[in-house]
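Asks: Fit chain B with the ligand to the given chain A structure using the hints.
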Amino acid sequence: MSDVLFVAEHRRGELRDVSYEGITAGRELADELGGDFHVAVVSGGVEAFAESLNTPEVDAIHTVDAGEEFDHDTYTAATEALHAEIDPAALVLPNSVNGLDYAPAVADELGLPYATDAVGIEYDGGLTVTREMYGSKVETTVDVAGDQFVVSIRGGEWAAASGAGDAEVSAFDFDESGVADGSRVQGFEEVGGGDVDIGDAEFLVSIGRGIEEEENLDLIRDLCDATGATLSSSRPIVDNGWLPKNRQVGQSGKQVTPKVYLAIGISGAVQHVAGMKGAETIIAINSDPNAPIFDIADYGIVGDLFDVVPALIEQFD
Amino acid sequence: MKILVTVKEVAAVEDDFEIDGLAIDERYLEYDLNEWDDYAVEAAVQIAEAADEDVEVVAATIGPERSEETIRMALAKGADRAVRVWDDAIAEQSLLDVDAKVSVFEQVVAEEDPDLVLTGVQAADDAFGATGVALANRVGYQWAAVVNDLDYAAGDETATVRRELEGGVEEITEIDLPAVLSIQTGINEPRYASLRGIRQAQQKEIAPRDLSDLGLDAESVDGALELVDMYEPESESDATLFEGSAEDTAAELASVLRDKGVVGE
Ligand SMILES: Cc1cc2nc3c(=O)[nH]c(=O)nc-3n(C[C@H](O)[C@H](O)[C@H](O)COP(=O)(O)OP(=O)(O)OC[C@H]3O[C@@H](n4cnc5c(N)ncnc54)[C@H](O)[C@@H]3O)c2cc1C
Numbered sequence: 001m002s003d004v005l006f007v008a009e010h011r012r013g014e015l016r017d018v019s020y021e022g023i024t025a026g027r028e029l030a031d032e033l034g035g036d037f038h039v040a041v042v043s044g045g046v047e048a049f050a051e052s053l054n055t056p057e058v059d060a061i062h063t064v065d066a067g068e069e070f071d072h073d074t075y076t077a078a079t080e081a082l083h084a085e086i087d088p089a090a091l092v093l094p095n096s097v098n099g100l101d102y103a104p105a106v107a108d109e110l111g112l113p114y115a116t117d118a119v120g121i122e123y124d125g126g127l128t129v130t131r132e133m134y135g136s137k138v139e140t141t142v143d144v145a146g147d148q149f150v151v152s153i154r155g156g157e158w159a160a161a162s163g164a165g166d167a168e169v170s171a172f173d174f175d176e177s178g179v180a181d182g183s184r185v186q187g188f189e190e191v192g193g194g195d196v197d198i199g200d201a202e203f204l205v206s207i208g209r210g211i212e213e214e215e216n217l218d219l220i221r222d223l224c225d226a227t228g229a230t231l232s233s234s235r236p237i238v239d240n241g242w243l244p245k246n247r248q249v250g251q252s253g254k255q256v257t258p259k260v261y262l263a264i265g266i267s268g269a270v271q272h273v274a275g276m277k278g279a280e281t282i283i284a285i286n287s288d289p290n291a292p293i294f295d296i297a298d299y300g301i302v303g304d305l306f307d308v309v310p311a312l313i314e315q316f317d
Numbered sequence: 001m002k003i004l005v006t007v008k009e010v011a012a013v014e015d016d017f018e019i020d021g022l023a024i025d026e027r028y029l030e031y032d033l034n035e036w037d038d039y040a041v042e043a044a045v046q047i048a049e050a051a052d053e054d055v056e057v058v059a060a061t062i063g064p065e066r067s068e069e070t071i072r073m074a075l076a077k078g079a080d081r082a083v084r085v086w087d088d089a090i091a092e093q094s095l096l097d098v099d100a101k102v103s104v105f106e107q108v109v110a111e112e113d114p115d116l117v118l119t120g121v122q123a124a125d126d127a128f129g130a131t132g133v134a135l136a137n138r139v140g141y142q143w144a145a146v147v148n149d150l151d152y153a154a155g156d157e158t159a160t161v162r163r164e165l166e167g168g169v170e171e172i173t174e175i176d177l178p179a180v181l182s183i184q185t186g187i188n189e190p191r192y193a194s195l196r197g198i199r200q201a202q203q204k205e206i207a208p209r210d211l212s213d214l215g216l217d218a219e220s221v222d223g224a225l226e227l228v229d230m231y232e233p234e235s236e237s238d239a240t241l242f243e244g245s246a247e248d249t250a251a252e253l254a255s256v257l258r259d260k261g262v263v264g265e
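Residue numbers (this note's numbering), protein chains in the order written: chain A, 1 to 317; chain B, 1 to 265.
Only chain A is shown next, with the shape it has when bound in the complex (with noise of 0.2 angstroms):
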């Protein structure tokens, strides 16, 4: 019992980068307990997959050849049944939009203890997880007690594993007659399209929170004006309805990747950042010299927005 087990993820036919970002985190985590390395593919098709996992760092691939995409039913259910067969000391999971819909039916079914969101891990003896709390303000140490646990891992923390390895594929044998059918996957609908494509931008003037009042998204577009910038937001600007959905940058909205990002009044939070980590060049204004925004900033100004935007503006008029 000191083997990891992580179970991948994919959709629409193409594996996601945490996929791949948690091989190298279960690899690590299995070196240090001094156990075997597997990881699972439930669902789709498993064999092209299996192959693009089969990286150096895993020992061992399982593929459960179940429906064609993500249905927490099925996950859950594979997973039990391939924790129960490898029985790992660690499990593995992706804190991913399905993660958040699957582990913790996971953990709670396995009767084990489950860290969630982990930016760190590590096992010496016991097993130790950095999390954050407050929106990133702090770090946190965690100690889990017990042999067994489960731990999701936080997208683009740790990196992505890559090469041809030559770990054996093996098929899971999966019984799905059993799984449950209370929930029943419709389909899938692209949302955020409209007037513009802010991922075609070269400079982006980003409003957050700070902005304080609908009425005050004014200035921002003045900016936009004056610079010939395109307007995009963090979530809860999109959220109260004062910009369209096309215009969210972010986990949830879109990944932009302009020459440069002005973030006004935006924290940083992981799922803003998860969106516009690959600009050229951020720039960021925020009156909290503390916001986790500065952390991943080339330039910035600690100050109030609605000083700084008007002299801004100015600037340029």
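Hints were generated in silico from the structure; no laboratory data involved.
Here the structure is a predicted model, which means the values were calculated and not measured.
Each residue gets a CB set at the ideal place from its N, CA and C atoms; glycine is no exception.
Be careful, since some hints might not be right.
Over 10 angstroms on every C-beta distance to chain A, these chain B residues come out as not near it, computed from the model [claimed, not checked]:
| # | residue |
| --- | --- |
| 1 | Gly21 |
| 2 | Glu26 |
| 3 | Ala48 |
| 4 | Glu56 |
| 5 | Glu65 |
| 6 | Ala91 |
| 7 | Glu205 |
| 8 | Glu219 |
For lysine-lysine, the following DSS-like pairs were computed, each having C-alpha atoms within a straight-line distance of at most 25 angstroms [stated by the list, open to error]:
| # | chain 1 | residue 1 | chain 2 | residue 2 |
| --- | --- | --- | --- | --- |
| 9 | A | Lys254 | B | Lys260 |
| 10 | A | Lys254 | A | Lys277 |
| 11 | A | Lys259 | A | Lys277 |
| 12 | A | Lys277 | A | Lys245 |
| 13 | B | Lys204 | B | Lys2 |
| 14 | B | Lys260 | A | Lys259 |
| 15 | A | Lys245 | A | Lys259 |
| 16 | B | Lys260 | A | Lys277 |
Replies: For chain B with the ligand alone, kept in the frame of chain A given last:
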């Protein structure tokens, strides 16, 4: 029918703060209803208001007496009554883990027997993002996580939800009731509590429960997770910070924008 909404009072941290041992010093905390729960309460109240039949909305929280002030906000926005669970054994936990929370809510569900349970996707403080789905598994309900659209009318046997996946893709799923749904921000527009609502909330019941009331003992909240350290993350920032007046910093920023070639002369 009955809808149970789990709600939590969470602390927001001021810009400047100090950590005292394993917690942020009380002086730097401001308490509020968890953002995600606010949307969950609104979703429940909207179902109740649109229904022909009687729909009772019950808010359930795990929190100290102080949290009643926040829970009254849920009552002011239309929840009918609330249950507040607290106990010395809960207060002693450095971190109330998912299993401990679920053990408590499992008993609340057993007592209330709701048809639908709504939770927030995550709590803004500990950010586990797991209570709703783990609870569903424990009580044998169906579930869906990260719901940003809910099509359900009181009395229906199924709900159709949209789950907000990454990258602007939504999954449309039909779910049998009883179910637990974890609610994402933006699903609706949470109302402000009206003065009348706030007045009425004073008359509504917040029933205090301790572990023994729920048939639990101290061990049931003795989770497997222990908080052993809390610290401010080391800044990895190598950002060039412009200092000075708004005019000075704006001028420097403007020259960076010109240098990068994203604005014309
Ligand atoms: C499953 C899931 C998916 C999500 N997807 C996304 C997503 O796609 N995109 C996204 O953005 N979020 C997403 N979120 C939400 C995310 O967690 C944060 O809540 C959100 O990004 C916060 O937005 P914000 O930075 O604008 O607001 P806040 O975090 O409230 O930050 C506001 C900032 O403004 C600053 N400020 C206030 N006043 C001023 C002033 N006068 N001048 C200068 N600065 C000021 C404050 O210091 C603060 O740093 C998601 C969350 C979940 C759980």
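Asks: Name the hints, by number, that the structure is in violation of.
Replies: Result: no hint breaks.
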